[in-house]
Amino acid sequence: MRRVRIGNGCGFWGDNLDAPVRLVRDGQLDYLTLEYLAELTMSILAIQKQKNPNLGYATDFLDVLRSLMPLLRQQTQLKIVTNAGGMNPLGCARAAWDLLRHHQLDNWRIAVVQGDDLMPRLDALLEEGHLLHHLDTGEPLTAVRDRVVSANVYLGAKPIVEALKQGARLVITGRVADASLTVGPAAYEFGWGFGAADFDRLASATVAGHLIECGAQVTGGLWIHADEQTRLEEVGYPIAEIAEDGTFIITKPAGSGGIVNEETVAEQLLYEVADPRAYYTPDVVVDFTSVQLEDQGNDVVTIRGASGVTATDTYKVSIAYRDGYMAAGTLVIVGPQAVSKAQLSGRILLERLRQAGWTYQRSYVEVLGAGDVVPGVWPQGYEPPEVVLRVAVHDPRREAVERFTREFAPLVTSGFAGTTGYTTGRPPVREVLSFWPALIAKSAVTPQVELLP
Amino acid sequence: MTPPDITPTQQIRLGEIAHARSGDKGNHANIAVLAYTDEGYAILRRVLTAERVAQYFASLQPSKVERYEVPNVRGLNFVLYDVLDGGASRSLRSDSQGKALAVALLQMPLTLPADGDLQRCRRSAPTDPKGFPPSVPTPWRRENAEENIESQGPV
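Each protein sequence line maps, in turn, to chains L and V. Sequence positions in the first sequence follow my numbering and run -14 to 438. Sequence positions in the second sequence follow my numbering and run 5 to 159.
Derived from the structure by calculation, the hints contain no laboratory data. Treat the hints with care, since some could be wrong.
[Claimed, not checked] Listed next, the in silico DSBU-like pairs over lysine-lysine satisfying Cα-Cα at most 35 Å (straight line): (1) Lys103(V) <-> Lys427(L); (2) Lys34(L) <-> Lys103(V); (3) Lys301(L) <-> Lys103(V); (4) Lys36(L) <-> Lys143(L); (5) Lys29(V) <-> Lys34(L); (6) Lys427(L) <-> Lys29(V); (7) Lys427(L) <-> Lys68(V); (8) Lys301(L) <-> Lys427(L); (9) Lys103(V) <-> Lys36(L); (10) Lys34(L) <-> Lys68(V); (11) Lys68(V) <-> Lys150(L); (12) Lys301(L) <-> Lys68(V); (13) Lys29(V) <-> Lys150(L); (14) Lys301(L) <-> Lys29(V); (15) Lys36(L) <-> Lys29(V).
[To be verified] A few chain L positions that, by computed beta-carbon distances, are all more than 10 Å from chain V: (16) Gly76; (17) Asp83; (18) Gln151; (19) Asp308; (20) Trp343; (21) Leu396; (22) Phe401.
[Stated by the list, open to error] Computed Cβ-Cβ distance ranges for the label pairs, DEER-style: (23) Arg126(V) <-> His118(L): 30 to 38 Å; (24) Arg124(V) <-> Leu111(L): 53 to 61 Å; (25) Lys103(V) <-> Gln214(L): 20 to 28 Å; (26) Asp42(V) <-> Leu120(L): 53 to 61 Å; (27) Glu73(V) <-> Gly123(L): 25 to 33 Å; (28) Gln65(V) <-> Gly282(L): 25 to 33 Å; (29) Gln111(V) <-> Thr409(L): 28 to 36 Å.
The beta-carbon is built from N, C-alpha and C at its ideal position, and this holds for glycine as well.
Looking at chain L on its own, in the form it has when it is part of the complex (with noise of 0.2 Å):
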């Protein structure tokens, strides 16, 4: 049976360059898929185009496209297929080409995947009575249309394979839901179609590409017993071969660091995840409950059975709204009564900033070390020798964040003995891009591929 051979490079923009270089040089891939857009990365790279029409997308991939070059020369079979193009696929998809050209490899078709931003037509969809309400409070969009950055649609799979039959070598979308990077290259590949024939198949791809989205997470990475054995440092990012039926492997390069067994992959299958039975893409809709995972040894996993049923006729959309400001700093506390010393520096900061005039729409202390990143849970009575203070606010007044950065030095001065660690300076202001998930009929997107050059 025909078997193809995909791996995952890359699983959140700011993962480890070198993962990708190491990834071709030993998995014997056929097709190398980068993942780079989290949730709200999509509205950060918004922002960026906004300042720069040439840029809004993910620049990591262009080194990380570079560093391939002499291996792409060598490794004649490989395909790439990333959504690094976040909101700028055309942009991204011209570098590419520029920097293509410029080592000799002029002979690469670059295909570009769009039609997932809905933002330069949002007024006319919502005219047209696509409300885009919050999945979860079920407010209409109107409520923060005039706040909005972003909204791009999860295309699925059929546009990565209509890419790739027209010849593309690398793929380059926008928003795509992430596991369909996987299913894109399988469908191809088998010549599998999108009908009820096919579920079983996509599903499985699904769960293949579900698996290998997060990169290492599958290969030791959170792993409850990894240890020093396990050599996260030299850690194998995941290969998925998937077989002409839909059953696959996972495994990673031979000799790398890292492992991949039943509970790695058993971990993986459910990281993210809501009801296991009704996992929705915008290719399928897969049952997670369906699949048998076999532990081969050798870090080799054979997963077989998964079953899917057709996909539903809405595109999940990811909405980001400007939201405000924020910022968390912090300070070290040493000695007898750290935590009650530390709790205190952190009303203390509070309270001088409010006797200034600065009161805040949000506000959080945390005392890290004395269990208060999980609340509640630590068995209490110990006495840590240090601990850190952090404490963090929001307010859509920017100057008002800006105010409480400044309060973190007088501390050192001004609080207790054994403040210390002020050493990262005034903690940076961020804008708070906030999330507001939505559907949208498929029928009012139509998603494009485009072939450069």
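Starting from the structure of chain L, add chain V where the hints point.
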């Protein structure tokens, strides 16, 4: 007169019979708890209820906790609603994405009957990745595959 409870019991932590992973979905978090053995899973299905988990994380003030059974991986998947202080983008807490909830839940005290069940609930697989038998065949490896993808070029 009520007869004294003579059933011997033992106190353990959830982490002795299960592993877990947690993550976020907007302002909600999920925690997947995976029992090491079938015996352990049978116990967890009985004792690790949604109410119990809601009570354990009461300080996070979940608006609702749902439990889904995932028997194929001996799993219980808990969804904790509205526990992330607004979610990744606007939470003021360090753990804005609920990453720490799994290890926190594994510290939960559980009371088990002390009749030897615990041994059958504990993990038996070697922790050391080198401990896997080296002789297990790996028929799916590329070097053993009979056919290659048609686009495969010289490597």
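The hints, checked one at a time:
no. : hint                                : verdict
1   : Lys103(V) <-> Lys427(L)             : holds, 33 Å
2   : Lys34(L) <-> Lys103(V)              : holds, 31 Å
3   : Lys301(L) <-> Lys103(V)             : holds, 24 Å
4   : Lys36(L) <-> Lys143(L)              : holds, 32 Å
5   : Lys29(V) <-> Lys34(L)               : holds, 26 Å
6   : Lys427(L) <-> Lys29(V)              : holds, 22 Å
7   : Lys427(L) <-> Lys68(V)              : holds, 31 Å
8   : Lys301(L) <-> Lys427(L)             : holds, 9 Å
9   : Lys103(V) <-> Lys36(L)              : holds, 33 Å
10  : Lys34(L) <-> Lys68(V)               : violated, 39 Å
11  : Lys68(V) <-> Lys150(L)              : violated, 46 Å
12  : Lys301(L) <-> Lys68(V)              : holds, 23 Å
13  : Lys29(V) <-> Lys150(L)              : holds, 34 Å
14  : Lys301(L) <-> Lys29(V)              : holds, 13 Å
15  : Lys36(L) <-> Lys29(V)               : holds, 30 Å
16  : Gly76                               : holds, 25 Å
17  : Asp83                               : holds, 25 Å
18  : Gln151                              : holds, 15 Å
19  : Asp308                              : violated, 6 Å
20  : Trp343                              : holds, 16 Å
21  : Leu396                              : holds, 19 Å
22  : Phe401                              : holds, 22 Å
23  : Arg126(V) <-> His118(L): 30 to 38 Å : violated, 48 Å
24  : Arg124(V) <-> Leu111(L): 53 to 61 Å : holds, 59 Å
25  : Lys103(V) <-> Gln214(L): 20 to 28 Å : holds, 23 Å
26  : Asp42(V) <-> Leu120(L): 53 to 61 Å  : violated, 36 Å
27  : Glu73(V) <-> Gly123(L): 25 to 33 Å  : holds, 29 Å
28  : Gln65(V) <-> Gly282(L): 25 to 33 Å  : violated, 44 Å
29  : Gln111(V) <-> Thr409(L): 28 to 36 Å : holds, 31 Å
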